[in-house]
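Asks: Chains A and B, in that order, give the protein sequences. Numbered according to my numbering, the first sequence spans residues 182 to 472. Numbered according to my numbering, the second sequence spans residues 70 to 723.
Since the hints were derived computationally from the structure, they do not count as laboratory data. Treat the hints with care, since some could be wrong.
What the hints assert, rightly or not - Under 7 angstroms between C-beta atoms, here's a sample of chain A residues computed to sit facing chain B:
(1) Thr-243
(2) Pro-244
(3) Met-252
(4) Glu-254
(5) Thr-257
(6) Lys-339
(7) Arg-344
(8) Phe-346
(9) Ser-349
(10) Met-354
(11) Thr-356
(12) Gly-375
Backbone N, C-alpha and C define an ideal beta-carbon position, used for all residues, glycine too.
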Amino acid sequence: MFELRDSVVVLSAGLLLAGCGAGDSAGGGGAAAASEETAAPAAVVDPTTVGTISGRIAFEGTPPAGKPIDMSEEPTCAAKHPGGARTEEVVVDGSGGLKNVFVYIKEGLSGGPYPPPTGSPVLDQNGCVYEPHVLGLRVGQRLTIRNSDGLLHNINAKPTANRTFNISQPTNMETTRSFAVPEIMIPVECDVHGWMRAYIGVVDHPYFAVSAADGTFQIANVPPGTYTIETWHERYGTQTVQVTVAAQQTAEVQVTYRDQMAQNAVVPLGQPIHLHDHPAGARAGAAEGGR
Amino acid sequence: MGARARAPGVVCVRGGVRPLSLPDAPGASEDRSCSPAMPSRYARGAGAQRIQCTQPTLRTLRTLRTPRTLWTRTFPAGLIATSLALALAPAPARGQGAGQGQEHPGKAAYDRWCAGCHGIDGRGDGEAAAYMLPRPRDFTRALYQIRSTPSGELPTDEDLMRVIDEGMPGTAMPGWRTLLSRSEREAIVDYIKTFSPFFAQGEAPQPIEFGRAPRATEEALREGREFYQRIECWKCHGEAGRGDGPSAPTQEDDAGFPIRPADLTENWHFNGGGTVEDIYRRLRTGLDGTPMPSFSDLLDAGYMTEEQLWNLAHYVRSLSPPEPPRVRDVIRAARVEGALPASVDDSAWAAVERYYIPLVGQIVVKPRWFAPTVDGVWVQALHNGEELALRLVWHDPSQSPDTAWLVWQRRVLETMEPREGGPQPADGAASAASAVGSAPAAAPDGRAGAGAATTAAPASAAVSDEASIDLARLPDAIAVQFPRTIPRGMERPYFLMGDARQPVYLWRWQSVTAAGAGGAQDPSEGLAIEATARGLTRIEPLPPTSQSLSWDATFDRGEWRLVLRRPLATADTVNQLQFRPGEPIPIALFAWDGSNSEEGTRGSIGTWYFIYLDQPTPGTVYATPVVAAVLTAGLGLVVVARAQRRERSGGSSV
């Protein structure tokens with residue numbers, strides 16, 4: 182069920198049916214999308230109508246404990262983890278919130294243009310771990326890669342739709358890089374420290390977020406419409422939900438992961454995404470999201 | 070023995086050997102007479118059977134030592150793999166070009182010469198790919214190691230052409246410059262670009278301006294060495310550059326296959342070439358698809374200057390000898406007076422001639438091994454009329470057993486082993502008996518100076534054929550093989566440790582005993598025995614009374630140094646070779662790296678060479694000139710005296 186293609190097929194079918202049967206209720210989103218499309222080149226998102234997608238990624242059951250990382254080769258790093266470092270594959274807080282889930286609008290957007298990206302997100306190497314562990318980035322946006330450890334790291338990005346890079350940072354320094362096309366997700370590894378791993382999601386719009394320690398996330402300034410949202414987790418794979426955002430309203434989304442999902446999970450890595458290949462789905466959107 | 074004569078290339082198919090004359094390779098030159106390009110038509114003679122390369126190939130490989138090209142001389146393993154690849158290559162798709170008209174001009178040549186390894190669709194999954202480590206390039210990802218462009222950029226056409234022309238030392242990729250016409254090679258460059266959409270996008274890649282190498286002064290080398298430390302090259306490549314850094318065991322390439330940091334002391338294996346310019350370029354561009362990053366950002370950030378990076382390149386270059394080792398057929402054991410140097414680091418060894426013996430993976434007997442660690446051994450030999458001493462030096466990034474390498478051991482087995490049907494790794498130390506126990510466990514300790522054998526050797530030490538091996542206990546090992554008697558003619562036992570008819574006499578040393586296995590890091594924990602072998606898996610230690618080896622070993626930052634000594638003459642003249650000066654004695658070497666999951670048939674092998682013990686200088690050598698001088702002087706005196714007398718008497722008569 183969490184296989185990406187299946188979800189798309191099911192959703193597309195559902196959306197088409199909904200589009201045929203419930204024309205009126207689709208009016209709001211459909212019209213907005215259509216008008217945006219006709220005016221596409223000039224129109225930036227109308228700030229007076231935008232809404233928010235807010236949600237929480239929950240984890241049900243007992244999460245697997247992180248594996249201890251042996252940092253004895255790097256005393257500098259080991260000292261930054263007084264309690265001992267652990268892998269960040271599955272991080273769940275006391276309330277059952279799942280951290281490090283990449284959330285983005287996968288379908289339903291008109292294709293922009295969107296406000297240009299601001300700022301340069303930082304991927305920090307601190308204590309021989311990446312901070313943050315999961316990171317979202319716009320196409321063409323500059324990523325700042327920082328070494329706060331003052332010892333040798335190499336940053337080996339392993340995309341497939343984008344060009345790779347593998348650069349060395351043997352000291353405290355910053356380097357910037359960017360990615361040219363959308364891709365879910367790009368693994369980043371340090372070959373000096375085999376345990377270091379981060380994931381970067383690259384999308385060509387500003388509507389993405391990463392779940393916080395309590396599992397919550399928020400995507401702001403979303404134009405009204407009905408969207409397919411995909412959530413991605415490095416161990417449990419992807420899920421999609423549909424959500425309708427009304428003008429100046431907050432749409433709530435709840436997604437739940439369970440440990441059994443790891444068995445059948447297909448975790449997209451290095452997959453190019455074609456965000457605007459589903460115009461039918463994008464315009465039809467009436468069905469209420471959620472599962 | 071004629072191994073130097075340039076024999077024609079030989080393809081060995083099962084049970085037979087045929088000369089290879091490269092019928093279809095335009096521009097094939099004599100220089101590549103034993104060419105990697107084994108035309109698939111020969112292979113197809115053997116049908117779809119796996120090709121077994123046996124002794125003739127090893128002999129063929131020896132003939133390759135003389136060609137001037139770097140890779141053939143120094144990378145026989147690559148040759149084997151490539152030969153295998155091309156032998157396995159699928160038949161070229163005939164008739165496609167004729168009927169359809171639109172076929173890419175490079176396709177025919179690609180399908181014929183490249184697809185065996187790189188796959189018809191360029192995915193790096195040709196039939197021979199599974200036998201190679203590193204694996205052949207996957208063209209669909211457009212990730213290329215050897216470029217003149219920044220990390221992440223596409224290579225230029227010239228970059229691609231260079232790799233096709235020169236091949237990639239240290240891998241199975243041969244050079245094709247003399248084997249294919251220029252237009253064919255250009256068409257192939259163009260064709261492999263069609264496997265990835267990246268080449269069709271954007272502008273042509275721009276090479277980096279590399280500048281010129283400054284002079285390699287003492288000061289430059291010192292600074293280069295400083296940066297080697299400061300930017301932590303040693304983390305992967307090791308303190309002494311032998312590819313033995315603490316991060317080495319966890320390295321993998323972008324496709325997830327295990328990969329080794331380069332041994333920087335063997336520049337003839339560098340994938341992109343071994344000159345200082347090549348090294349500098351790799352530092353600037355990185356080797357995409359591998360863990361080796363680009364250091365260009367350090368220049369942009371002002372952390373170091375171009376000149377400092379050049380100095381680092383000079384330093385790395387200085388770690389290798391000026392010329393790649395030359396392989397010679399005969400190891401000369403000079404005769405010295407007095408005691409032989411018993412310790413590996415005795416200063417007396419410094420003056421002794423070194424001989425390089427190349428080794429390749431054992432791919433004759435299943436389970437075969439296509440990813441050996443040890444690719445050569447330096448041999449020195451001395452004798453004093455009573456005793457022979459061999460000093461063996463080889464590179465191995467780990468002192469096995471070493472638990473830090475367990476991850477690597479599993480991965481390399483998973484990558485290379487599945488189709489070989491060999492033993493699979495077992496977890497934990499439960500199956501303690503198998504691996505190390507397969508080697509003789511309680512043979513005598515002949516450690517330097519310890520003298521003769523006392524301990525009982527086990528009755529049989531046949532190499533383990535159990536279903537599982539205990540990776541955590543595999544030692545490093547080396548074996549020196551001799552015939553049991555000095556052969557009178559050219560016939561020698563089968564090079565792979567003999568056979569039932571003609572056994573061989575073996576010296577076998579390993580880094581730990583069974584009892585000491587489990588991570589002991591003390592070289593004195595090892596064990597040396599003498600044995601009779603009737604094949605790779607049939608090794609039987611000689612009885613304790615016939616154990617007469619003394620040894621000394623040390624492991625130093627990715628290098629084993631071992632001295633083995635034995636009296637020239639022994640009591641057991643049946644099992645033990647009696648060394649005699651003045652006669653060429655066949656000798657061969659084998660090596661195993663436990664941390665590369667090597668044991669039994671999985672290891673490095675070599676073919677027969679000779680060792681020649683200098684004869685004592687006979688006393689006549691010194692006496693004869695003196696006698697001759699005295700005689701000459703005497704004769705001269707007589708002649709002069711006579712002449713004077715005659716003159717006198719003649720003068721008076723006038």
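Asks: Each hint: holds or not?
Replies: Hints and how they fare:
no., hint, in the structure
1, Thr-243, "violated, 25 angstroms"
2, Pro-244, "violated, 25 angstroms"
3, Met-252, "violated, 12 angstroms"
4, Glu-254, "holds, 5 angstroms"
5, Thr-257, "violated, 12 angstroms"
6, Lys-339, "holds, 6 angstroms"
7, Arg-344, "holds, 4 angstroms"
8, Phe-346, "holds, 4 angstroms"
9, Ser-349, "holds, 4 angstroms"
10, Met-354, "holds, 5 angstroms"
11, Thr-356, "holds, 5 angstroms"
12, Gly-375, "holds, 4 angstroms"
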